[in-house]
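Protein sequence lines correspond, in order, to chains A and E.
Just so you know, we're using the numbering used here here: the first sequence kicks off at 1 and counts up by one.
Just so you know, we're using the numbering used here here: the second sequence kicks off at 1 and counts up by one.
Check each hint, because a few of them may be wrong.
It does not matter which identical chain is used: a pair holds within one copy or between any two.
Unchecked claim - Below, in silico cross-link-like pairs of lysine-lysine (DSSO-like), each with a Cα-Cα straight-line distance of 30 Å or less:
id	residue 1	residue 2
1	LYS228	LYS217
2	LYS114	LYS75
3	LYS75	LYS157
4	LYS199	LYS158
5	LYS217	LYS279
6	LYS142	LYS157
7	LYS157	LYS228
8	LYS75	LYS217
9	LYS228	LYS195
10	LYS199	LYS157
11	LYS260	LYS217
12	LYS142	LYS228
13	LYS157	LYS58
14	LYS142	LYS217
15	LYS199	LYS228
16	LYS260	LYS228
For the record, the hints were derived by calculation from the structure and aren't laboratory data.
Protein chains: 2
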Amino acid sequence: MSLLVTGSIGIDTVETPTGRVDDVLGGSSIYFACAAGFFCPVRLVGVVGEDCPRDFLKPLKGRQNIDLAGLEVRKGSRTFRWHGRYHADDINERDTVKVDLNVLAERGPTIPEKFHDSKYVFLANTHPALQMELLGQLKSPKLVVADTMNLWIEHEKKALLALLGRLDGLVMNDSEAKMLTGQSNVVSAGMEILKMLRKFVVVKKGEHGSLLFQRGKVCAMPSYPAVKVVDPTGAGDSFAGAMMGHLAAVDKAGIADLRKAIAYGTVVASLELEDFSLKKLLAISRDDIDARLAEFRDITAF
Amino acid sequence: MSLLVTGSIGIDTVETPTGRVDDVLGGSSIYFACAAGFFCPVRLVGVVGEDCPRDFLKPLKGRQNIDLAGLEVRKGSRTFRWHGRYHADDINERDTVKVDLNVLAERGPTIPEKFHDSKYVFLANTHPALQMELLGQLKSPKLVVADTMNLWIEHEKKALLALLGRLDGLVMNDSEAKMLTGQSNVVSAGMEILKMLRKFVVVKKGEHGSLLFQRGKVCAMPSYPAVKVVDPTGAGDSFAGAMMGHLAAVDKAGIADLRKAIAYGTVVASLELEDFSLKKLLAISRDDIDARLAEFRDITAF
Numbered sequence: 001m002s003l004l005v006t007g008s009i010g011i012d013t014v015e016t017p018t019g020r021v022d023d024v025l026g027g028s029s030i031y032f033a034c035a036a037g038f039f040c041p042v043r044l045v046g047v048v049g050e051d052c053p054r055d056f057l058k059p060l061k062g063r064q065n066i067d068l069a070g071l072e073v074r075k076g077s078r079t080f081r082w083h084g085r086y087h088a089d090d091i092n093e094r095d096t097v098k099v100d101l102n103v104l105a106e107r108g109p110t111i112p113e114k115f116h117d118s119k120y121v122f123l124a125n126t127h128p129a130l131q132m133e134l135l136g137q138l139k140s141p142k143l144v145v146a147d148t149m150n151l152w153i154e155h156e157k158k159a160l161l162a163l164l165g166r167l168d169g170l171v172m173n174d175s176e177a178k179m180l181t182g183q184s185n186v187v188s189a190g191m192e193i194l195k196m197l198r199k200f201v202v203v204k205k206g207e208h209g210s211l212l213f214q215r216g217k218v219c220a221m222p223s224y225p226a227v228k229v230v231d232p233t234g235a236g237d238s239f240a241g242a243m244m245g246h247l248a249a250v251d252k253a254g255i256a257d258l259r260k261a262i263a264y265g266t267v268v269a270s271l272e273l274e275d276f277s278l279k280k281l282l283a284i285s286r287d288d289i290d291a292r293l294a295e296f297r298d299i300t301a302f
Numbered sequence: 001m002s003l004l005v006t007g008s009i010g011i012d013t014v015e016t017p018t019g020r021v022d023d024v025l026g027g028s029s030i031y032f033a034c035a036a037g038f039f040c041p042v043r044l045v046g047v048v049g050e051d052c053p054r055d056f057l058k059p060l061k062g063r064q065n066i067d068l069a070g071l072e073v074r075k076g077s078r079t080f081r082w083h084g085r086y087h088a089d090d091i092n093e094r095d096t097v098k099v100d101l102n103v104l105a106e107r108g109p110t111i112p113e114k115f116h117d118s119k120y121v122f123l124a125n126t127h128p129a130l131q132m133e134l135l136g137q138l139k140s141p142k143l144v145v146a147d148t149m150n151l152w153i154e155h156e157k158k159a160l161l162a163l164l165g166r167l168d169g170l171v172m173n174d175s176e177a178k179m180l181t182g183q184s185n186v187v188s189a190g191m192e193i194l195k196m197l198r199k200f201v202v203v204k205k206g207e208h209g210s211l212l213f214q215r216g217k218v219c220a221m222p223s224y225p226a227v228k229v230v231d232p233t234g235a236g237d238s239f240a241g242a243m244m245g246h247l248a249a250v251d252k253a254g255i256a257d258l259r260k261a262i263a264y265g266t267v268v269a270s271l272e273l274e275d276f277s278l279k280k281l282l283a284i285s286r287d288d289i290d291a292r293l294a295e296f297r298d299i300t301a302f
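The shape of chain A in the complex, shown without the other chains (with noise of 0.2 Å):
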């Protein structure tokens, strides 16, 4: 089934305590493009600026499952841009050395036609009144799910419950639950958040897994136990991907569905962030990814 995802593509700087990269390629779509095809096709829709290098988007290119017609090049503009720091004692934190949003603080990205009759569709963090219009160019979709930031959960409060109430799924941070509800239990605060959607939330804690609220329904799941850590930039992205390609692949979000899908997206992220950017992505085969959940299986059980 199709699998729509609208989001960023940046050019990122990223430090962490092994090495870094200049200038490589980023952002929430791509991440979740990459992670999702290896379940189904994927639509994205991106806006890249002029001063994108031409072979930037070259990896991408070549993944018969990832459908660029929704990449727009917008002519005077220029690329978002984040330069990030990660903890040399916590690589689970991290400091945005620098940020130039660019084409992402101008008008949002137009969904193709042709895309327009996608069914699965993940909005990730944008402004919620972006996400509410990219949202109201689909003309039927079956299963929506969003991301979002605690910057919209200051500012923009009414305008993302206003989303939420439209969503399916909400994928966020622990303490993006907890300041949304204020709620300092992140259980509480689930339970609450799922009040606010249609079916179902996922609350990620990073290296400590991940909960999954459903009607009268919580789920539980560590992450898997990474010894080799390199870069966690676009992990949760690469969950959201694995996630909502697994869902879209069988066609279906019982459940059953949804916890198997959790645990693709657990297992998924662990692989992307053992190596810089999209390296680990790009060199990976499903198998690895279906080896590792069987792992991830084994290392769960009792």
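Position chain E against the provided structure of chain A, taking the given hints into account.
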């Protein structure tokens, strides 16, 4: 199979966001024994002072599975007292308002001769030299596991390392595991500590679950997604009690046994923190524990 625990007995005052209790029964050996008693007979070794109220240990005396022959009421001494306050905005954080070591700062307890043949042994947190001395009083234990704390890692590392070499297993917090090894990655830390002892290391991450390290194997388990967290005091000792109780009951400590033991530890801890002091542990039955284990299996399945 016989299970022996050595540890503190305390008079606790606890403040949490939902209430306060004054001068209630606490201490590592107490929580441990109550939890372990659901699985097998427990032998308790600990010391209180003359000031200890006559009926203070009455709740334990009513439990057939707990043998108090190792309880010493020391003349001229005072009982260990602890006053803790949990943070209003995060119940996973706490401050020690006041601590009076009293009898814990004197010589350790003597293990009664009738306990010398104990096969399963848990040395709850105290000075590692004292843990070593207690271990020396036993004839031929089959599985010896200990707990420790940041104080000994920082100031008594040599004694601690000597103790580790004599242990089959160790239970510790994630922050302690990082401190002991200097590793920022908790998985790497657990693997490194595993080399210091014979069989296994359990790293507890509080609300984020636990990791079990055995030769060539890691097991990751989330915590039970608890909404009702009234008083976390004793949750870690209850975890250890249920874990050791299961191992002693089945008289095995293979991979599958350890994993199930940790699942029992997880669910008993999740029950324990639903009320102050020992209230919940004294109110539940083994059936309640098994019902929660079944629920936990469902919550974590994918």
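Is it within, between, both, or neither for LYS199 and LYS157, if the alpha carbons may be no more than 30 Å apart?
Only inside one copy: LYS199 and LYS157 sit 20 Å apart there, 51 Å across copies, limit 30 Å.
Cα distance capped at 30 Å. Does LYS217 pair with LYS279 within a copy, between copies, both, or neither?
Between. Shortest inter-copy distance 27 Å satisfies the 30 Å Cα cut-off; intra-copy 37 Å does not.
When no copy is specified for LYS75 and LYS217, does a C-alpha distance of 30 Å or less occur within a copy, between copies, both, or neither?
neither (48 Å within a copy, 54 Å between copies)
Go through the copies and call it for LYS142 and LYS228: within, between, both or neither, with a Cα cutoff of 30 Å.
neither (37 Å within a copy, 35 Å between copies)
Using 30 Å as the alpha-carbon threshold, which applies to LYS199 and LYS158: within, between, both, or neither?
within (20 Å within a copy, 54 Å between copies)
For the identical chains here, do LYS228 and LYS195 meet the 30 Å Cα criterion within one copy, between copies, both, or neither?
between (38 Å within a copy, 19 Å between copies)
For LYS75 vs LYS157, is the C-alpha pair at or below 30 Å within one copy, between two copies, both, or neither?
The answer is neither: 32 Å in one copy and 64 Å across copies each exceed 30 Å.
Up to 30 Å between alpha-carbons, please classify LYS142 paired with LYS157: within, between, both or neither.
Cα proximity of LYS142 and LYS157: one copy only (25 Å, versus 59 Å across).
How do LYS260 and LYS217 come out at 30 Å by Cα distance, when the copy is not named: within, between, both, or neither?
both (15 Å within a copy, 23 Å between copies)
Should LYS142 paired with LYS217 be assigned to within, between, both, or neither, using CA atoms and 30 Å as the limit?
Only inside one copy: LYS142 and LYS217 sit 22 Å apart there, 41 Å across copies, limit 30 Å.
Using 30 Å as the alpha carbon limit, work out where LYS157 and LYS58 are close: within a copy, between copies, both or neither.
neither (38 Å within a copy, 54 Å between copies)
At 30 Å max between alpha carbons, let me know whether LYS260 reaches LYS228 within a copy, between copies, both or neither.
both (24 Å within a copy, 28 Å between copies)
Hint compliance for this structure: hints 3, 8, 12, 13 are not met, and every other hint is.
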